[in-house]
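Undergrad: If you want the building blocks of each chain, they are given just below.
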Amino acid sequence: MSVEKNDDPDDSSPAATPSTSSRIASKFAEVQAKADSVLKERTEGGEIFIQVGSATCEHAAGSLAVWDEFQKHIAASERTDIRMRQTGCTGRCSREPIVGVSVPGQMPVTYERVDRALVHEIFTSHVLRGVPLLDQVLDGPVEKLPPYELLVCSSTRCGGKGRKLIEGPLAEKLHAAGLGPDRVQVTQTTCLGACSLEEVGQCTHVLVRPDKVLYRVTSDKDLDDIIQRHLLGGKIVERLCITQESASRQFFEIYGDVAFFNRQNRIALRHNGVIDPESIEEYFHYRGFQALTNVLSQRNPQAVIDEVSRAKLRGRGGGGFPTGKKWAMGAAAEDKIRYLICNADEGDPGAFMDRSMLESDPFNVIEGMIIAGYALSAARGFFYVRAEYPLAIQRIENAIRRCREYGILGDDVLGSGFSFDLEIRLGAGAFVCGEETALIHSIEGERGQPRVRPPYPTESGLWDKPTVINNVETFANVPAIILFGGDWFSRIGTEQSGGTKVFALAGKVTHTGLVEVPLGSTLHEVVEEIGGGAPKGKRIKAIQTGGPAGGCIPAASLDLRIDYDTLLKAGSIMGSGGMIVLDEDDCMVDIAKYFMKFSEDESCGKCTPCREGTKRMSEILERITAGQGTLDDLEKLNRLGNLIKKASLCGLGRAAPNPVLSTLEHFHDEYLAHVTERRCPARRCTALIRYEIDPEKCVGCTLCAKNCPVPCIDGVRREPHVIDQTRCVKCGRCFEVCRFGAVNRL
Amino acid sequence: MTTTSTNNWEEVRAAAQAALTEPIVRYIEQCNAGPEPASQLISVLHKVQSHFGYLGPEQLDAVAQLLQIPAAKVAGVASFYHFFRLQPHGRFRINVCLGTACYVKGAERVAQRIMDELGITWGETSKDGVFTLEGSRCLGTCGLAPVVMIDDEIHASVTPDQVPAILEKYLERARQGPAA
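If you're matching them up, the sequences are chains A and B in order. Going by the numbering used here, the residue at position 729 of the first sequence is 729; the numbering climbs one at a time, nothing skipped. Going by the numbering used here, the residue at position 89 of the second sequence is 89; the numbering climbs one at a time, nothing skipped.
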C-alpha cells in the first residue's frame, strides 16, 4: 500500500477549518453509530453477564475450559437472558482464571481460581438463583456482600481529603442513619481518576457500587443527601452526579472492592479486564478513538506534541527519555518520509506488562500510535512483537484489520486527509533487539545488531529515514493524556515524570501480577501493601528491578520512591517494569550469576567489551558459587564491570554489569561468605551445601531412599537413614519428599 | 547489467518450491511485490519454520534464491536469532521457562528432573524421538512460575515431582499414534 503522501502539516493552517472538523466529527459519529448497533445486536436481551478472562496467562490457568463449561451450562438451562463476554486479563495472575458475574441491581462479583466444578456452583447458585458464592470471591472469602459500597477517592495528591471524610463525617452520618457495614461498605481507594475534571483538592469523589454513580462531594450536606436519598431512598442525587468520563471509573465499577486493585491507579491498564480485546465495537463504547478524533479535528500536530510534553510522559521501555521531546525531534526532521515503531519486543525475563496490554487492550495501543503518527506526520507504523507472544500477535492482527474496516487505519483516517497504516514485524528471540538500533536492523531483515549512535533514529533510523520508537506502555498512555489532559497526567507522578508505571510483580511475593502505581510511589507500597509481602512468613531480602540491565535493591531501601532517577541512583534502573521479589532463600551471588549468564548468551558479539567481558564475569561468578573464588575475584568483578559499562557499544553491554555491581555493593557480606568461608548463606549454591538426615526425626519410612537418584541413602525400614556424602549429588529430592522434616539442608 | 538474457526464474522457482511449499513460495512472491522485500526475510523464515519445524539447508537456500538475498546472509540471520532451529525436533517440544521469576521459584530443578528422566540436555532430542528439551527466556506468565510449555500447552507451578506424570501424559499420546 502506498500511503506516503500525507499533506504536509506545515502547509495547512494550524487553526481548525470548520469543514474538515465537521467532516471528521460526522464520520466519527457515523462509525460510532455503526459500532453501537453491532454491540446492541450482540447484547440484546442480555440481563446477566458472565465475563471470563482470556489472555495467555488466563488460558494457562484453564480459562478456556471454564468458558466452554459456562456455555454448556447456559445451553442446558435454556435461558436466553444470560450472555458470555470475554475480557483480557486484569493482571491478577496468581488468582486466575478470573470470572465476573453481574446480575442487574446486584453488586458485580469477581471469582478467583475458577475450575469446572466451581463453574457449576457459580452457575447454579449465583447465576440461576442470585446467591453469590462468598467463599470463592477474589481475595475472599467475604462474610456478606452489602447492598451498597462507597468507593471514596483518597489520593494523597488531592490532599487526602477522602481519608478525613471516611474517618470523620461519613462514618458519623452512616452510623446515625443506622447503616452499618452490612448495609453500606466504605472503601478507601487510591485514585478514581476523576481528578482530571477538578482543581486539586476541591472535592472528594465517591463512586457508588453497584449503581455506577460517581458523586462530587464538597460539603456535609452532600453526604446527607447521598445517605438519605440514595442509600436509604434508592434515588440517585442528580445534583451531585458526574456524568463525564474519568480515566479509571469503569475499571473500579467492576473491580473496586478488591484491595489489590483499589490501591492502584489504572490509566495504561484502565481497560484491562473491562473490555473485550477482540471487539472494536466495545472499544468505541468506552470512548475509544475519541482522543484520535479530537486530535484530527484540531489539525495541529504541534499541539499534540505540546500536550504530551506537558504530561511529562517519559519512555516506559526503561530509558525514560521524554516522549514529547523525542516526538519533537522526529517532527523536526528534514526528511518528510518518517516512520513510527512500537517496541513490543518485551525481552526482559520477568516482565509481562506489554503482553498484557497487547492481549487485553490492543486498540488503545493502536490509538496511541495513530496519534503519534499524526504528530510526526508519519504514514507507516510498525509493531515489532516478539514471536514468543502468539496470542498478542493474533490480537494485534485482528485489531489492525478491524481498524481498517472502520476507516481508523489506512487512507484518509476518519475523513481527515491523514493516512496511516500499521504492519506487524516479528522478532525471533533476540534480547538485544529491544535496543532501538538493533530493532531497526531486525525490521530491515538483518541480524539484530546495534550500531553506534548518533545519528539517533529520530534523525536516521529505519531505511535511513527519521524514525520514532516508543514502548507499548508509552503509547498506551497517549489516548488518556489527550482525553484528560497533559496537566492532569503530570500531576500524577513526580516533578520530573508524570503518570503511572506498570510493574510486573513476580517472584517471592504473595500477590503476583500487574501493578500500576503513580511514579514516586514507594517500593514498600508496591511490594508490601499491594503485593502482600513474601509468602510463608519469609523475609524479603531484595527487589530486582529492570531485568538483566537492572540491579538489586536491598529490603532496607523499601521506602525508596520509584522514579527513573532514584532507581538509577540506587544502582538499578526502571527498565520496562519487571519487579522480582527475592526472599531469604535466594542467594544474591546466584542471582547475579543468573543475569550475567543471560547477558553473556544474549550479547550479539559485535563489540569486544560486552562479548568477552560478560563471559569473563560469568566465569568468575561460576567460580565463586562453586566455592573456588578468592577475594581477588571480587576486586576483578568490580573492575571488569565498570570497564564493560564504560566501553560497550550499546545499552545491553553498558547495563549488563548492573546486577553484579549492585549486589557487590549491597550484599558484599554474601560474596565474602562465599569466598572466605566457602559458605552460601541462603543455602542455594549446590557446591556449598550438604544434606543430612536428623536421626531424631527420621522414622525410617524409606521415602527418601526410594526417591534418591544416585542412590546414596542407606538404611532399613523403621530405622534412621543416613546420606553417604561421598556419593550425594545434592539434588535435594530427599529434602523435598521427606514428610517429617528430618532432612536438613546445611 | 548483462546483455544476454539468462532468465532461469522458472527453474529457480520450481527448485525452490520443491524445497519449500506452494503457499510459502506465494508468500515470498507477495513480499517481492511489496516495498523493501529483503526486510521480510525474518517473517519468511518464521513461515518456513512453522511449516517444517526447523530451517534445513535446502529451505534456507530456496529462501535465499527467491528473495534474492545472499545465502550467507540468510544463514547469518537464521543462526543469529534463538527462535530459529536449524535441526529437526522431536514429536513434542518441552520448553522450560528460564525467566527470573521461574528461576527463583526452582525452574532449574524442574529442568534437571526432566533431563534425568529423559537422559538428554538442552537442545537435545530423546532417543525415542518423542521429546526435545529447550529453554525459553521468558514466557511472560511469571505469575504462574515455574512454567513448562510442552508444544502449546502450558503447565503452571510445576514441581520436580510432577515431572514424571506430565511426561507420561505425552508418552501416552505418542504411543497412541503420530500427530494428526
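Note that these hints are calculated values from the structure, not bench results. Just so it is clear, the structure is predicted and the values come from calculations on it, not from any experiment. Some hints here could point you the wrong way.
Stated by the list, open to error - In silico EDC-like links for lysine to aspartate or glutamate, alpha-carbon gap of 16 Å or less: (1) Lys73(B) to Glu444(A); (2) Lys597(A) to Glu108(B); (3) Lys465(A) to Glu108(B); (4) Lys730(A) to Asp116(B).
Stated by the list, open to error - Examples of chain B residues toward chain A, derived with CB under 10 Å: (5) Trp9; (6) Phe84; (7) Glu124; (8) Thr125; (9) Arg175.
Glycine is no exception: its CB is placed at the ideal position from the N, C-alpha and C atoms.
Undergrad: Give a verdict on every hint.
TA: Hint check:
1. Proposed proximity of Lys73(B) and Glu444(A) is supported: the alpha carbons are some 13 Å apart, at most 16 Å.
2. Between Lys597(A) and Glu108(B) the CA atoms are separated by roughly 14 Å; this keeps the pair inside 16 Å, and the hint holds.
3. Straight-line distance between C-alpha atoms of Lys465(A) and Glu108(B) comes to about 44 Å, which puts the hinted pair past the 16 Å bound.
4. About 14 Å separates the Cα atoms of Lys730(A) and Asp116(B), which keeps this hinted pair within 16 Å; it holds.
5. With a cut of 10 Å, the hint placing Trp9(B) at the interface with chain A is violated, because the nearest CB-to-CB distance is about 21 Å.
6. Look at Phe84(B): its Cβ gets to within about 6 Å of chain A, closer than 10 Å, so that hint holds up.
7. Taking 10 Å as the C-beta contact cut-off toward chain A, the hint placing Glu124(B) at the interface is violated, the least distance being around 18 Å.
8. Checking Thr125(B) against chain A: minimum C-beta separation of about 19 Å lies over 10 Å; hint violated.
9. For Arg175(B), the interface hint is violated, the least distance from its beta-carbon to any beta-carbon of chain A being 25 Å, above 10 Å.
Of the numbered hints stated above, those contradicted by the structure are hints 3, 5, 7, 8 and 9, listed in ascending order.
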